[in-house]
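J.: So that you can map any letter, position 544 of the sequence shown is 544 in UniProt numbering, and since no number is skipped, the others follow by simple counting.
Since the hints were derived computationally from the structure, they do not count as laboratory data.
Do not rely on the hints blindly, as some may be mistaken.
Here are the simulated distance ranges between beta carbons [claimed, not checked]: (1) C581 <-> L631: 12 to 22 Å; (2) I630 <-> S432: 42 to 52 Å; (3) G323 <-> L480: 41 to 51 Å.
Using 16 Å as the maximum straight-line C-alpha spacing, the simulated EDC-like pairs for lysine to aspartate or glutamate come out as follows [stated by the list, open to error]: (4) K338 <-> E355; (5) K110 <-> E127; (6) K549 <-> D514; (7) K517 <-> E495; (8) K338 <-> E380; (9) K582 <-> E272; (10) K582 <-> D572; (11) K325 <-> E380; (12) K549 <-> D533; (13) K498 <-> D572; (14) K549 <-> D573; (15) K584 <-> E574; (16) K325 <-> E272; (17) K608 <-> D573; (18) K549 <-> E495; (19) K483 <-> D548; (20) K609 <-> D625; (21) K238 <-> E272; (22) K498 <-> D447.
Ideal Cβ placement from N, Cα and C applies to all residues, glycine included.
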Amino acid sequence: MVATQCEEDERRPFQADPLYSCSHSSTFPPSTRFWVPCLCSLCECSFVFECTALGSGSGFGFGFAFASQGKPHFRHFRLSPDLLRLQWESPKKNLGESSVLVAEISEVLKGQQTRVFQSNRMPEFEERSFSIVYQGNRTLDIICKDRREHDVWISGLQALVNRATGDIDLSQLRATAPETDQKLQVVIDKGSTRVLIREDASDVYTWGEGTRGMLGHGEEDPEASPRVVEALLGHDIKMLCLGSGHTMALAVSGEVYSWGLGLGGRLGQGRERDRFTPLRLAGLRGFDITHIACNENHSVAVADNGEAYVWGRGIDGSLGVEGDKHVSPTQIHALDGKRVVHAACGAAFTLFVIESGEVYACGNNEHGQLGIGSNEAMSEPTLVTNLPERIVRIACGNSHAVALSETGRLYAWGAHSSGQLGVGEPLEDRLSPVRVESNVVRDDVADFACGGNHTIILSNSGLLYAFGSGAQGQLGLGPLATKNQATPAALPNPEGRKYTAISCGQDISAAVSDRGKIYTWGSGASNALGLPDGRTKYAPTLIESMADKRCRTVACGFFHMAATIIHGWVPDDEATQCMACKLKFTTIRRRHHCRKCGGIFCGNCSAKKFPLLEAGFSESVRVCDKCYVILSRA
Numbered sequence: 001m002v003a004t005q006c007e008e009d010e011r012r013p014f015q016a017d018p019l020y021s022c023s024h025s026s027t028f029p030p031s032t033r034f035w036v037p038c039l040c041s042l043c044e045c046s047f048v049f050e051c052t053a054l055g056s057g058s059g060f061g062f063g064f065a066f067a068s069q070g071k072p073h074f075r076h077f078r079l080s081p082d083l084l085r086l087q088w089e090s091p092k093k094n095l096g097e098s099s100v101l102v103a104e105i106s107e108v109l110k111g112q113q114t115r116v117f118q119s120n121r122m123p124e125f126e127e128r129s130f131s132i133v134y135q136g137n138r139t140l141d142i143i144c145k146d147r148r149e150h151d152v153w154i155s156g157l158q159a160l161v162n163r164a165t166g167d168i169d170l171s172q173l174r175a176t177a178p179e180t181d182q183k184l185q186v187v188i189d190k191g192s193t194r195v196l197i198r199e200d201a202s203d204v205y206t207w208g209e210g211t212r213g214m215l216g217h218g219e220e221d222p223e224a225s226p227r228v229v230e231a232l233l234g235h236d237i238k239m240l241c242l243g244s245g246h247t248m249a250l251a252v253s254g255e256v257y258s259w260g261l262g263l264g265g266r267l268g269q270g271r272e273r274d275r276f277t278p279l280r281l282a283g284l285r286g287f288d289i290t291h292i293a294c295n296e297n298h299s300v301a302v303a304d305n306g307e308a309y310v311w312g313r314g315i316d317g318s319l320g321v322e323g324d325k326h327v328s329p330t331q332i333h334a335l336d337g338k339r340v341v342h343a344a345c346g347a348a349f350t351l352f353v354i355e356s357g358e359v360y361a362c363g364n365n366e367h368g369q370l371g372i373g374s375n376e377a378m379s380e381p382t383l384v385t386n387l388p389e390r391i392v393r394i395a396c397g398n399s400h401a402v403a404l405s406e407t408g409r410l411y412a413w414g415a416h417s418s419g420q421l422g423v424g425e426p427l428e429d430r431l432s433p434v435r436v437e438s439n440v441v442r443d444d445v446a447d448f449a450c451g452g453n454h455t456i457i458l459s460n461s462g463l464l465y466a467f468g469s470g471a472q473g474q475l476g477l478g479p480l481a482t483k484n485q486a487t488p489a490a491l492p493n494p495e496g497r498k499y500t501a502i503s504c505g506q507d508i509s510a511a512v513s514d515r516g517k518i519y520t521w522g523s524g525a526s527n528a529l530g531l532p533d534g535r536t537k538y539a540p541t542l543i544e545s546m547a548d549k550r551c552r553t554v555a556c557g558f559f560h561m562a563a564t565i566i567h568g569w570v571p572d573d574e575a576t577q578c579m580a581c582k583l584k585f586t587t588i589r590r591r592h593h594c595r596k597c598g599g600i601f602c603g604n605c606s607a608k609k610f611p612l613l614e615a616g617f618s619e620s621v622r623v624c625d626k627c628y629v630i631l632s633r634a
């Protein structure tokens with residue numbers, strides 16, 4: 001559902017928590033506070049049909065309604081403070097004059113069963129539709145923006161109706177209430193309504209080396225500055241991971257896309273063919289993927305059911321399954337019965353975190369990077385011993401690993417020849433986990449990342465600390481600090497900048513500030529830093545070409561980078577040709593924005609229209625051909 005803030009409790013934000021109670025809850029006995037995730041969710045967003053043929057309709061949420069002429073229009077509906085009435089805003093009436101008693105609602109019908117729906121059939125929205133029957137034979141006919149919101153509304157309305165009759169099954173409602181979808185945010189301000197896209201609705205920009213199509217732009221040309229990946233517009237990417245020659249993206253929907261070098265099956269596309277634009281992994285279709293990781297030769301995905309899938313070259317058993325090459329996602333059955341929640345890939349080894357907080361490792365172990373107390377390689381996931389705490393997240397370099405515990409402490413193991421473990425002298429491999437302790441880092445770790453032979457950590461206060469190899473400036477400690485750093489050192493920060501996300505590549509590093517700006521440093525080879533001069537940078541340097549955008553996350557590979565940028569329309573000056581047919585724009589072939597993905601297209605490639613309910617459009621609006629196909633199949 002759309003997340004807003006209840007008008008009767010404006011100090012508390014909406015929370016998707018079945019135990020959360022707002023000021024509404026005080027009107028009910030304590031035992032009835034658990035109908036839906038929060039009763040404030042009944043102040044939320046829907047799409048409404050209103051029929052005057054059967055009497056005056058009413059509704060709730062922010063949505064659209066059919067007037068007597070059949071044309072839909074938007075209204076904002078809400079529950080009264082005492083939860084006894086559904087009220088809505090009308091341009092010719094006061095709020096209190098437009099309402100209906102909850103006690104008058106007799107039935108909630110799923111689908112498009114009523115006479116109103118039969119007269120205004122929209123079969124493409126059948127699964128998102130329902131009707132309220134009240135005052136005997138009057139109906140309110142509603143289309144929700146998606147199935148999840150539909151299910152939440154059904155649960156909430158049934159709870160209200162059951163309360164009126166004294167028949168309510170709280171346990172059933174708690175069990176069936178779906179999670180809230182917060183893709184859109186509705187803001188009501190002095191009578192005006194704005195619909196905002198949530199911050200995890202993101203576009204992807206890539207830059208650096210383009211060999212084998214690793215940037216996803218359809219060719220092999222390098223990019224000195226960030227460029228939007230047109231094929232992913234509208235797909236709401238939330239996570240990226242980069243190898244030496246390929247790239248992967250995870251969408252909010254749980255779908256995985258890959259592109260670039262296909263050698264060894266690292267793309268998981270069923271063959272070793274290179275891909276120059278993103279292609280969805282057919283082998284993961286039907287799975288809700290929650291996490292992805294990759295390195296030079298292999299990749300891994302974690303599903304919401306706790307299963308882990310791997311593909312690519314299995315050097316020294318790094319895939320954890322039989323066979324040294326898999327071109328399609330293959331489940332790791334050795335982890336059956338263990339719910340995997342996180343994973344990371346090294347150069348030739350893989351680590352898995354399971355729900356209990358234990359870590360399992362497989363692959364090459366020349367430098368002790370498996371953390372099992374020896375140098376023996378493992379072809380199946382093996383428990384990492386001597387970890388004194390539950391682990392929640394891990395990261396891998398070429399031959400070292402770092403883990404974060406649930407208490408915010410860091411543990412590291414593997415290669416330490418460059419000081420990349422941060423545990424000080426001697427610069428020798430550690431075969432078992434060792435705690436990373438430092439007097440410099442004065443608060444808990446919020447995030448961390450491993451490069452080829454260096455590590456950077458982000459503290460809860462937004463500061464950065466680095467250790468390991470600094471030969472290419474990848475530590476960000478300044479031009480005089482290019483030697484190995486064996487313990488955490490604070491990055492100079494004269495501007496008092498705060499960071500929210502970090503990433504490390506082979507000899508490069510990047511971070512996102514709390515203002516959404518991207519800073520990069522390290523080797524300038526192949527324009528991997530996204531800076532115009534292509535030079536090595538020894539301190540975090542702003543990518544000025546992205547200063548007008550807001551970044552969520554950044555990811556580093558060997559010679560290229562990628563970032564998720566909060567979704568917005570592609571500026572006209574970023575597209576000189578149609579993003580579909582590639583024909584250049586002229587005074588005759590004009591630019592048109594797709595209202596779904598924000599891309600720029602010519603009139604021929606964006607001639608179709610579609611009602612984008614989730615974006616706040618009650619009438620059909622222009623969309624590109626690709627988005628039209630996706631929307632039509634949804």
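J.: With reference to the structure, classify each hint as holding or not holding.
T.: Right, here's what the structure says about each hint:
Take C581 and L631: their Cβ atoms lie about 20 Å apart, and the range 12 to 22 Å holds. Judged by the Cβ atoms, the range 42 to 52 Å given for I630 and S432 holds: they are separated by roughly 49 Å. For the pair G323 and L480, the beta carbons lie near 49 Å from each other, so the given range of 41 to 51 Å is met. This hinted pair checks out: K338 and E355 have alpha carbons roughly 7 Å apart, not beyond 16 Å.
Of the pairs offered as hints, the one joining K110 and E127 holds, with about 8 Å between alpha carbons and a cut-off of 16 Å not exceeded. About 13 Å separates the Cα atoms of K549 and D514, which keeps this hinted pair within 16 Å; it holds. Simply put, K517 and E495 have alpha-carbon atoms about 14 Å apart, close enough for the 16 Å limit, and the pair holds. In summary, the hint linking K338 to E380 is supported, as the alpha carbons are separated by about 14 Å, within the 16 Å threshold.
Restraint check: the Cα-Cα separation between K582 and E272 comes to about 27 Å, which exceeds 16 Å; the hinted pair is violated. Between K582 and D572, the direct Cα distance comes to roughly 15 Å. Compliance with the 16 Å bound is thereby established for this hinted pair. Between K325 and E380, the direct Cα distance comes to roughly 15 Å. Compliance with the 16 Å bound is thereby established for this hinted pair. Restraint check: the Cα-Cα separation between K549 and D533 comes to about 21 Å, which exceeds 16 Å; the hinted pair is violated.
Restraint check for K498 and D572: the C-alpha separation of about 31 Å exceeds 16 Å, so the hint is violated. Distance check on the hinted pair: K549 and D573 sit about 14 Å apart at the alpha-carbon level, within 16 Å; holds. This hinted pair checks out: K584 and E574 have alpha carbons roughly 12 Å apart, not beyond 16 Å. For the proposed pair K325 and E272, the alpha carbon gap of about 10 Å is at most 16 Å, so the pair holds.
Between K608 and D573 the alpha-carbon distance is near 24 Å, which puts this suggested pair outside the 16 Å criterion. As the CA atoms of K549 and E495 are separated by approximately 20 Å, the hinted pair breaks the 16 Å bound. With a C-alpha separation of about 35 Å, the suggested pair K483 and D548 falls outside the 16 Å cut-off, and the hint is violated. Only pairs whose Cα atoms come within 16 Å are accepted, and K609 paired with D625 is accepted, the gap being roughly 9 Å.
Our distance criterion of 16 Å between C-alpha atoms is broken by K238 and E272, whose separation comes to about 26 Å. This hinted pair checks out: K498 and D447 have alpha carbons roughly 13 Å apart, not beyond 16 Å.
Hint violations for this structure: numbers 9, 12, 13, 17, 18, 19, 21, all remaining hints satisfied.
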